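Using the sequences and the hints, build the whole thing.
6 protein chains.
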Amino acid sequence: MTKAKKILIITGDAGESFEILYASHRLREAGYLPVIAAPSIKRMNLVMHDFEPGWDTYVERQGYFLESDISFDDIKVGDYEAVLIPGGRAPEYLRNDSRVIKVVKDFSDANKYLFAICHGVQILVTAGLVNKKKIACYEHVKFEVESCGGRYITPDEAIKDGKIVTGKTWQSHPEFYKIVFSCLEQGN
Amino acid sequence: MTKAKKILIITGDAGESFEILYASHRLREAGYLPVIAAPSIKRMNLVMHDFEPGWDTYVERQGYFLESDISFDDIKVGDYEAVLIPGGRAPEYLRNDSRVIKVVKDFSDANKYLFAICHGVQILVTAGLVNKKKIACYEHVKFEVESCGGRYITPDEAIKDGKIVTGKTWQSHPEFYKIVFSCLEQGN
Amino acid sequence: MTKAKKILIITGDAGESFEILYASHRLREAGYLPVIAAPSIKRMNLVMHDFEPGWDTYVERQGYFLESDISFDDIKVGDYEAVLIPGGRAPEYLRNDSRVIKVVKDFSDANKYLFAICHGVQILVTAGLVNKKKIACYEHVKFEVESCGGRYITPDEAIKDGKIVTGKTWQSHPEFYKIVFSCLEQGN
Amino acid sequence: MTKAKKILIITGDAGESFEILYASHRLREAGYLPVIAAPSIKRMNLVMHDFEPGWDTYVERQGYFLESDISFDDIKVGDYEAVLIPGGRAPEYLRNDSRVIKVVKDFSDANKYLFAICHGVQILVTAGLVNKKKIACYEHVKFEVESCGGRYITPDEAIKDGKIVTGKTWQSHPEFYKIVFSCLEQGN
Amino acid sequence: MTKAKKILIITGDAGESFEILYASHRLREAGYLPVIAAPSIKRMNLVMHDFEPGWDTYVERQGYFLESDISFDDIKVGDYEAVLIPGGRAPEYLRNDSRVIKVVKDFSDANKYLFAICHGVQILVTAGLVNKKKIACYEHVKFEVESCGGRYITPDEAIKDGKIVTGKTWQSHPEFYKIVFSCLEQGN
Amino acid sequence: MTKAKKILIITGDAGESFEILYASHRLREAGYLPVIAAPSIKRMNLVMHDFEPGWDTYVERQGYFLESDISFDDIKVGDYEAVLIPGGRAPEYLRNDSRVIKVVKDFSDANKYLFAICHGVQILVTAGLVNKKKIACYEHVKFEVESCGGRYITPDEAIKDGKIVTGKTWQSHPEFYKIVFSCLEQGN
Chain A
-6 MTKAKKILII TGDAGESFEI LYASHRLREA GYLPVIAAPS IKRMNLVMHD
44 FEPGWDTYVE RQGYFLESDI SFDDIKVGDY EAVLIPGGRA PEYLRNDSRV
94 IKVVKDFSDA NKYLFAICHG VQILVTAGLV NKKKIACYEH VKFEVESCGG
144 RYITPDEAIK DGKIVTGKTW QSHPEFYKIV FSCLEQGN
Chain B
-6 MTKAKKILII TGDAGESFEI LYASHRLREA GYLPVIAAPS IKRMNLVMHD
44 FEPGWDTYVE RQGYFLESDI SFDDIKVGDY EAVLIPGGRA PEYLRNDSRV
94 IKVVKDFSDA NKYLFAICHG VQILVTAGLV NKKKIACYEH VKFEVESCGG
144 RYITPDEAIK DGKIVTGKTW QSHPEFYKIV FSCLEQGN
Chain C
-6 MTKAKKILII TGDAGESFEI LYASHRLREA GYLPVIAAPS IKRMNLVMHD
44 FEPGWDTYVE RQGYFLESDI SFDDIKVGDY EAVLIPGGRA PEYLRNDSRV
94 IKVVKDFSDA NKYLFAICHG VQILVTAGLV NKKKIACYEH VKFEVESCGG
144 RYITPDEAIK DGKIVTGKTW QSHPEFYKIV FSCLEQGN
Chain D
-6 MTKAKKILII TGDAGESFEI LYASHRLREA GYLPVIAAPS IKRMNLVMHD
44 FEPGWDTYVE RQGYFLESDI SFDDIKVGDY EAVLIPGGRA PEYLRNDSRV
94 IKVVKDFSDA NKYLFAICHG VQILVTAGLV NKKKIACYEH VKFEVESCGG
144 RYITPDEAIK DGKIVTGKTW QSHPEFYKIV FSCLEQGN
Chain E
-6 MTKAKKILII TGDAGESFEI LYASHRLREA GYLPVIAAPS IKRMNLVMHD
44 FEPGWDTYVE RQGYFLESDI SFDDIKVGDY EAVLIPGGRA PEYLRNDSRV
94 IKVVKDFSDA NKYLFAICHG VQILVTAGLV NKKKIACYEH VKFEVESCGG
144 RYITPDEAIK DGKIVTGKTW QSHPEFYKIV FSCLEQGN
Chain F
-6 MTKAKKILII TGDAGESFEI LYASHRLREA GYLPVIAAPS IKRMNLVMHD
44 FEPGWDTYVE RQGYFLESDI SFDDIKVGDY EAVLIPGGRA PEYLRNDSRV
94 IKVVKDFSDA NKYLFAICHG VQILVTAGLV NKKKIACYEH VKFEVESCGG
144 RYITPDEAIK DGKIVTGKTW QSHPEFYKIV FSCLEQGN
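Residue numbers (our numbering), protein chains in the order written: chain A, -6 to 181; chain B, -6 to 181; chain C, -6 to 181; chain D, -6 to 181; chain E, -6 to 181; chain F, -6 to 181.
Treat the hints as calculated values from the structure; they're not laboratory data. Possibly wrong hints are sitting among the right ones.
For chains that are exact copies, the list does not tell them apart, and a pair is met inside one copy or across any two.
To be verified - Derived pair list, reagent style DSS-like, types lysine-lysine, alpha-carbon separation capped at 27 Å:
hint : residue 1 : residue 2
1    : K125      : K35
2    : K(-1)     : K156
3    : K135      : K98
4    : K171      : K(-1)
5    : K135      : K95
6    : K(-4)     : K127
7    : K(-2)     : K171
8    : K(-4)     : K171
Remember, predicted model here, so these are calculated numbers, not experimental data.
Now the structure itself:
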């Protein structure tokens, strides 16, 4: 029996719970082993980003809980096929964590796939990876993408540019994962 | 271009939000068109079933919101490849809705696939479809399955018996959907 | 001074807080000593089942907290006049606890009164005690009662059949406790 | 068939939900008809006063909901055997409602029973009825009682002084209602 | 460099979070050192008192959290220029704490300023300091003020009478702090 | 009597409630008239950003509610002395509103003061105003400031650079408002 290929998921407290659970379950269904890395091994306080009548932006509420598998300190890039970065409010502070930025750059340098959805794209921006790239992301992240040289794409729900695959929001799961698995099946 | 095949999803207020969103996104990714039926067309008040330290059972909290697409009154069984019944607290009261029971029986009579996960299995039980069948479901639904002649299966996360595919909980998504898509790809 | 007669209350996390508090206070007022048994001695996380506009079923929210008095391990049936089983979401999982089922059967074998309200009836169903009995219970528990041979009674709020007294919901407190105290006053 | 005797309950938004529901159900069980009066006929936003580890006072959370039956404008004192005033945060503002104060004084002038529990005693204080009376009430209402001439009683859970019956908190239900029904059964 | 003059703030669990934070930040801006005293040194569970459509009184929700600096046991009146008492639900129980009442009386005896806002005025009432004084406070505290000889002032948002400065609610911050700083700048 | 000078406050749903209320009350105390502009005149759904043990970033909860005074459509820059931009999650989406960006640039072009705190700085970044400026802001906004040419300042709580005054978080209120009022008192 072949051992499952590993995909690294980078998130933490305030990560978007549906995006993280979806990634984890969807990868397992396809035979991959998702490994969730966070600032430490912990029961992460995830959030739910949803919409309510009367609000001019999304709302944030308590989400599902999940345990992280490893700490950022224990990531070995060589062990993974690719990295996947979900959204929520976590990428806002994770982009200040030098371990995260180094890991993401290492994936890029190793010519491995980088998948990011919604606010997860903020990590790619801070790692300096969106310059001249076509990028789909949450509309409120558009400014950050463009100010760092990226090309914000709309109305596509998800897009691939080189080894970077990005999706707008969790409503883009269908299109995003179609591309993700098309990439993974071709191998690196 | 071929029109997408339709899959009926039966739920309502108090349906489990992750199970419903997962079904909807996963089916779309695979090229199917999910149609969510509820007692009426409405913004459904979905719930989150999760676990917290210190509790002897799961907790229920406010979940994601979702609009239903059609009312139970407007279901035409012939339009669908299969029916999928998510869990949460919705099946408890939906099993008292004669429209739901009739629809589910009609899918069975038409020899179409019936997929149910977690508490969703309660609908199959009430429709009289679990007798002598191997059934995976939430452990707290085991009594109802067995008292109506079903055979509660464990530790499998999901199982197929004839045209009925059942899964334990949302943690069984990977195994459950592997079987679901294996069924759908063979056609009816 | 005569020692107060004891009534056993069976519940746990997710028990309905108003039903449990009402039982406890009402029994004390009448001079009985209620003893609350749960899976362990703990501060129980009780819930509130109530109704809100826009919902097709009841809502569940955080309820009052209460300490249990004893663990299921420490129940001596001979110490009690009767057992009372409140509802909420607790009976769903308590019916899987063999200690609970044994205790309830022992009360029945000892020809003592069994009182159950709302979802509390699920315990009687699993203990095999509703066959051929007239039973009042929450309407969403009707299927379970009938599939195990019970006769679901409506529109009565509460009913006595032999040594079993059942009530529909916490809105049936007045009728339910009238019967409960009429039974207790006659003695066993 | 004799028509049920009526008991007036005075409360409103922020009334304590367990105290109000308990009064309503307990009175019905005893054959009385409780009539809930509030500033208007409405779905009252009741609260839950409970205790949590780490707090130096009680906590307030969302309680059960209840409809009031009549507005304070429509109270006819002659229709009622007695008035019962539950606690919560409602009495704090209801004591500023001149309709409430007049009604309560009228009950006193008519030599009818006045029952009050927990913060409900604040209404009696403002109506000028506690002077020289023995009063049980929530410990944080003690100052108001004493500054208006009342005699704060402890550790009794409930006490009767003339036509006034008062109880400490909802934990005093057993003792409080024993006295309430002893009074009601003697008639006025 | 001159050491900042100290102002004592008296509060605790259920204190109104905006009033406490405002006092703390506003005093610091003006060069004073606020010292928050509570029943013990702890992370206080503060509340938010706000208004919602459909409610006949204010609502209480979870507020901001704050650490207290010292316990009531460690207050040395001589160290402070003045005392400031915010509102919320904390004053209701703090008025039963003899340490609080003694401290407040000592400030009065030392002819130092006493500032109180909203329900904070309840402490002044219990300390016997409002007799014959003009007092602004939350309208639901009016009865307590008047029953202890105070003169409830309206519609002024804040008022000074001798060494006592009081404000109606947190909406009175502008007028209240104008007077507070006018007092502090004149010195004692 | 001189008419109060006006200060424009730019915020909306998900604005940080303490920062907005503090600005409004503090400006009024100093004799200014704050005017709150939002996408429309509405009861804004404000949030609370606070800290909880066990979280690697701040938490977001329901905050105080506030009505906005005017819509962004009705801002006349000439009417105001200065603009103040509070934080929270509102600036993330407001920076995509071209009306907001134009207004902020107009204030700059008119050589008027721009005050921003916490995430409010995101608006200045998008308006292109932080280039070569010393900026204090929430640490998670640092990347955006620097990627657009600003100089992130720490550990100062607040800083003035030309006509731009910025503060780190609501914990910086004392230092921030000292500078704000020092600017306003000098006039433009």
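Here is what the structure says about each hint:
1. Taking CA atoms no more than 27 Å apart as the test, K125 paired with K35 passes in neither setting, with 37 Å inside one copy and 40 Å between copies.
2. Only within a single protomer do K(-1) and K156 lie at most 27 Å apart by alpha-carbon distance; the minimum there is 17 Å, versus 33 Å between protomers.
3. Both within a single protomer and between protomers do K135 and K98 lie at most 27 Å apart by alpha-carbon distance, with minima of 21 Å and 20 Å respectively.
4. Taking the closest pair of Cα atoms, K171 and K(-1) come within 27 Å of each other both inside a single copy (18 Å) and across two copies (19 Å).
5. Proximity of K135 to K95 under the C-alpha cut-off of 27 Å is found in both arrangements, the shortest distances being 23 Å within a copy and 18 Å between copies.
6. Within a single copy, K(-4) and K127 get their C-alpha atoms no closer than 34 Å, and across copies no closer than 30 Å, so neither meets the 27 Å cut-off.
7. With identical chains, the CA atoms of K(-2) and K171 are at most 27 Å apart both within one copy (18 Å) and between copies (17 Å).
8. When the C-alpha separation of K(-4) and K171 is checked against a cutoff of 27 Å, the pair qualifies both within a copy, at 23 Å, and between copies, at 18 Å.
Going through the hint list in order, the structure does not satisfy hints 1 and 6.
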